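Which chain is which? The protein sequence lines are A and B, in order. Here this note's numbering = 1-based position in the first sequence + 11. Here this note's numbering = 1-based position in the second sequence + 43.
Treat the hints with caution; some may be incorrect.
Said to hold, decoys possible - In silico PhoX-like links for lysine-lysine, alpha-carbon gap of 20 Å or less:
1. B/418 to B/56
2. B/222 to B/184
3. A/17 to B/94
4. A/162 to B/94
5. B/363 to A/492
6. A/462 to B/418
7. A/461 to B/118
8. A/322 to A/93
9. B/221 to A/93
10. A/93 to B/357
11. B/418 to A/93
12. B/118 to A/73
13. A/17 to B/113
14. B/418 to A/162
15. B/311 to A/73
16. B/311 to A/70
17. A/70 to B/118
18. B/418 to A/58
Simulated from the structure, these hints should not be mistaken for lab results. Predicted model only: the values in this text are computed from it and were never measured.
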Amino acid sequence: MEFETKSGVRYYYDNEIGIAFPSHPLMEKMIHNIPLQEEDLSAVSTKEDFLFYSRFLQKLNKIRPKQGVPGPHPLQPEDVKKMVLREGLLQMTLGVTEECNLRCKYCVYSDSYSLMRNPSNDMMDFPTAKKALDWYISLVMEGREYNPVRKPGIGFYGGEPLLNFDLVKKCIHYIKTTYPELDVHYSITTNGTLLNKEKEDFLKEHGFSISISIDGPKDEHDRNRVYPNGRGTFTDIMKNVRRMIAGGYEDCKAICVFDWKSNLSRLDAFFRQPDIPRLFIMTNPSVQGGCVYYDQFSEDDIRNYLLSEEKTFQYYLDHAPYDTARESCLEHLYPIYASRFLYSTSVMIMPESRIIPYSGACILGRKIFVDVHGNFHACERINQSFPIGNVQSGLDFQRIAVMMNEYLEHLDSCGTCRISKLCGYCYNHFAQKGHFDYASGVCKNEENRKKTDFSRAFTLGERYPHLLDMAVNDYYTWLSKVSPTLGD
Amino acid sequence: MYFRLNPECYYIKGDQNGAIYDLIEGDIYALNPKESQTIETCEDNGVVDPKDPFLCELKQRTVGNFYEKKVYIEKLRLGSPIADFQLDRPPVLIRAFLEIDNRCDRSCWYCGCHGVSRSQGCFGCNTWDEDGTPVHAPRWKELIDELHHLNCMSLLIKGGDLTRNWGKTQEILEYANKKFPSIFVIGHKQHFSKETYEYLENKANLILQTDSISDIGNQHQYLLTMDYQKSQEFAGNLPPNVMVDMVSRNFDPLQPDSPLSSKKKMPKTNLERFTHNNKLHPCLAQSITISWNGEVLPCPMMRNYSLGNINDRKLWTFFKNTPDSIQEFWNISLTRLDKCGKCEFRYACTDCRALETAKTGDLKSKVLCNYDPSKGMWQQPAA
Ligand code: SF4
Ligand code: SF4
Ligand code: SF4
Ligand code: SF4
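The shape of chain B in the complex, shown without the other chains:
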């Protein structure tokens, strides 16, 4: 008898252990060394015992099946593997962060100007202690055109308190509205008044940051941008274009036992993420940030990694796929990090490069993880 994983189920080998990714159901099965060995034999079309309880269970879970003869399993894929070799393909740009201001009267403890202290700070407002001249509205409009030519899919407009120079915000937003169907405006809950909410209603989705809800406990998911339902639950009656990003001081993402760094709970996998992680960084890829003073950054929180300034360059010149262009960051797939490259979860895992580099100063470090792929073991959280 032979046993093969289904087209939608991939076996990924780690240093010690392996994992099976079910790209339709989204489940990831962590295998021990013996199970990994069995699956490797199967995938090489080796003969197996039809009574093997492990394989029988996989069959029950519709992950693979026994076959009397050798079969060929064509894997489910997104796109064509041949397209990867077409070096001339235009870059795919999914989001651009436009930081159109850098002022705010509040002084939140988690604001960027105090250092990078949270994962996914990109979806928060932030101001920065930086020199430079603000980019003016006409250049922002040109940049919106340039992003449109690059076929960018969505804009995230942010930068401290956008209501301080509300005229500029409106001007840029109205211009962006003509070109982009998907626009997000990011700010603190207290920045916005009834009038500004109403103005934004059909123009943009709103991502609101707040730390005023005390009962969110220690749960990582509430640090993320939440879906509409969740935001309703937690923030009362908000209009449908509003999402809430909650920040909690009780939560220290750097603690080894926190869900973020323990990685005990892998996010679900799917065809898109699996394909993406294979070649690209989970969040930096297909994204670009233009700061309030025109610096081009891989992400709003990675201030030390400027690629240049749009005051003296056209935006396309940052996408040339050379060592000094944005693709250098896009291509930091987890496979290219020493530790994650050995890990069987690398095609599903998330990563906040901003937080990692802020902690270590090293672009390729990985400290926010308690799994040791070369031992195949989770580090015990501190008591």
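The following block holds chain A by itself, in its conformation from the complex:
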């Protein structure tokens, strides 16, 4: 696949080897085995260039993986169990309540998402939480023989988990007294409105890393993050957050959701302020789960956004205000995004064979999300028609094997996909009510999207040769400390 940077340099992306390199029309002809004409040769400046291209391509052929990636094979429950014990179980997240004191407009549990549940008053009770934790910890203990370095992670999620803070406290107390020798990483995702000194002190005492949703300055934030009566939440949240930061709570980080109406420059300026939690992840409202959220945007909204994105990119390129101590939106959108994209898990030649040969899907059971009723799900984002177990009988390896096999069968176009090594898609991208869509239907635009990503990443790299490596190091060094799943 060919692409071009802003400066007009052409590159060719070789999906078998997993890298892109500077190319030339003549080189591309050679790659595609198109017979060369007299004028092709006169187009290259020297004979050395021609020789260089042909030798370089021959060189790459020496490491080209042998044809025929091992095809998907039906996975058996025993294999799945071993893989989960070895590579999974990074985190169990308890959805301690389905209730929320906010009605954010892009929330996946809102009416904007037809396949997802709606908010309810249901709360998880302690017996359910206890059984879930017992299952998780017994698997982690069994799994130590397979992966001795794994540190168990326990997360609390909602709804708004602070509405069931008593349960959070009981869970921590239970783990500390029942499994005193266990070193656990605790985390919580909250809207921040219900934080107070008592809760903060508790979270701090137990080393929680806290993710708070903040979408930027007041008007940006209050556009979507509102109470049921429509009032914005910014002022309440910032009061709490500033107190926490002033109190020295370091493991407090911000998740920023942005859309076609966001103003990137203002978001960027906002997150550069020292009394705002460090930006953890920038993300868009989900497009899965029967989403209609995006219906509200006009063509103009989209055009305006894209223009402003181009402008901020150019600004970044000219100034590279890369702040190694603290990234803001521009770092997230450009160098961090670019390095995540280029260096993602499936890129490059992989030393180990992969369980799922295509897409970015991991083994189900890598993380476990428990809903208020005690059902296990692959993560908090996937719709609830794909349970992978429950608190009564534990993780269902038979079910996981069936689900992974079904998923594999739906990756029908990956074998010929020209960007398969860069693919970050997983179950959630294909999940409908209880079944998966085929990749051939879902991925139509993927190549074009990747061309844009490539162009941006390589434009940055041309200007600042070491920027992307720097971004990976700085961001992930920090991230690995605050999130055992590296933020996914």
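On the provided structure of chain A, position chain B with the ligands as indicated by the hints.
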């Protein structure tokens, strides 16, 4: 004009000089300070002279190219750099040495019980003057299960003369065969009879140690485990599962002019070794040894560095990535040795920690090398 190294060619800086590693062809180009400076300019996207003969030669060798505009070169890598930050990833265990016995009637001069006198003694049999109770077959079988759970890729079964308690050897081997496709048995050539050879034929590869061939001269490579072709040449008609490890008394690895310590001949590089050496020790990494009496060691020859005993601990407890676990040894990359850390060859070089520490008593020493990276010069061998 700009000039950039190809994706597969890395520039590595030393204290004085630099080197270019071609990870596909395997060549390493040693550069002088001026050439190193030029390449540093190139890699920072600085402007260069298109007639520079050094750069023109690099182009001819398909190591790099001139470009009219600034380009970005995405480097060829093995795996994802992001994966390094995933602290929960299970350790990768490539080999485990199981020393299931400690007896032998021979008394070779190079045997471990006389001290560590050779590089790569790990691939020889060896016995040791040590106290302790031998680990019995049932525990060895448990350990084989535990290694299997850790996804260990191959077993090297050794320990003096394995034919002395042939019943135990067979029992352990048959059990290991059910779990491991890759098994090596190590012993002296004279330990094995026709019957024992035949028994082993479809069960294990054999690494045979011998010093009976007098004509191997001073060549380092014959100290290593040789490939099948070489072993045929030197040891006659051996079955295809047999390799020969030859030891020569004429060869003193500690002499400054010997190939091992002069490092005049760098081994070829490749993507795997380069990636490995970047973070890990060349041979200690991804390996573990369990001695005849249950001690857990970083390598069969490093007897003073026991991490504990498997009689009172499960094997996984040695892999917790804490300062008292096996990863401490795995992570002694050459970058972390004072001398090698300054050397441009550190991503290609080999190292026998057992021999180094036996000589100096210091885990991080480096004396078996005649290159001085801070002067950028090779020490002249003694006349
Ligand atoms: S076809 Fe879709 S799912 Fe498959 S590799 Fe390509 S982008 Fe990924
Ligand atoms: S044959 Fe092996 S174990 Fe026996 S003395 Fe020689 S080196 Fe030691
Ligand atoms: S032993 Fe160390 S200093 Fe000597 S050549 Fe190798 S890496 Fe360089
Ligand atoms: S240090 Fe390495 S080469 Fe030397 S004996 Fe030990 S494992 Fe073998």
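Okay, the hints, checked on the actual structure:
no.: 1; hint: B/418 to B/56; in the structure: holds (13 Å)
no.: 2; hint: B/222 to B/184; in the structure: holds (10 Å)
no.: 3; hint: A/17 to B/94; in the structure: violated (28 Å)
no.: 4; hint: A/162 to B/94; in the structure: violated (56 Å)
no.: 5; hint: B/363 to A/492; in the structure: holds (17 Å)
no.: 6; hint: A/462 to B/418; in the structure: violated (47 Å)
no.: 7; hint: A/461 to B/118; in the structure: holds (19 Å)
no.: 8; hint: A/322 to A/93; in the structure: violated (49 Å)
no.: 9; hint: B/221 to A/93; in the structure: holds (17 Å)
no.: 10; hint: A/93 to B/357; in the structure: holds (18 Å)
no.: 11; hint: B/418 to A/93; in the structure: violated (52 Å)
no.: 12; hint: B/118 to A/73; in the structure: holds (16 Å)
no.: 13; hint: A/17 to B/113; in the structure: holds (11 Å)
no.: 14; hint: B/418 to A/162; in the structure: violated (45 Å)
no.: 15; hint: B/311 to A/73; in the structure: holds (16 Å)
no.: 16; hint: B/311 to A/70; in the structure: holds (16 Å)
no.: 17; hint: A/70 to B/118; in the structure: holds (14 Å)
no.: 18; hint: B/418 to A/58; in the structure: violated (40 Å)
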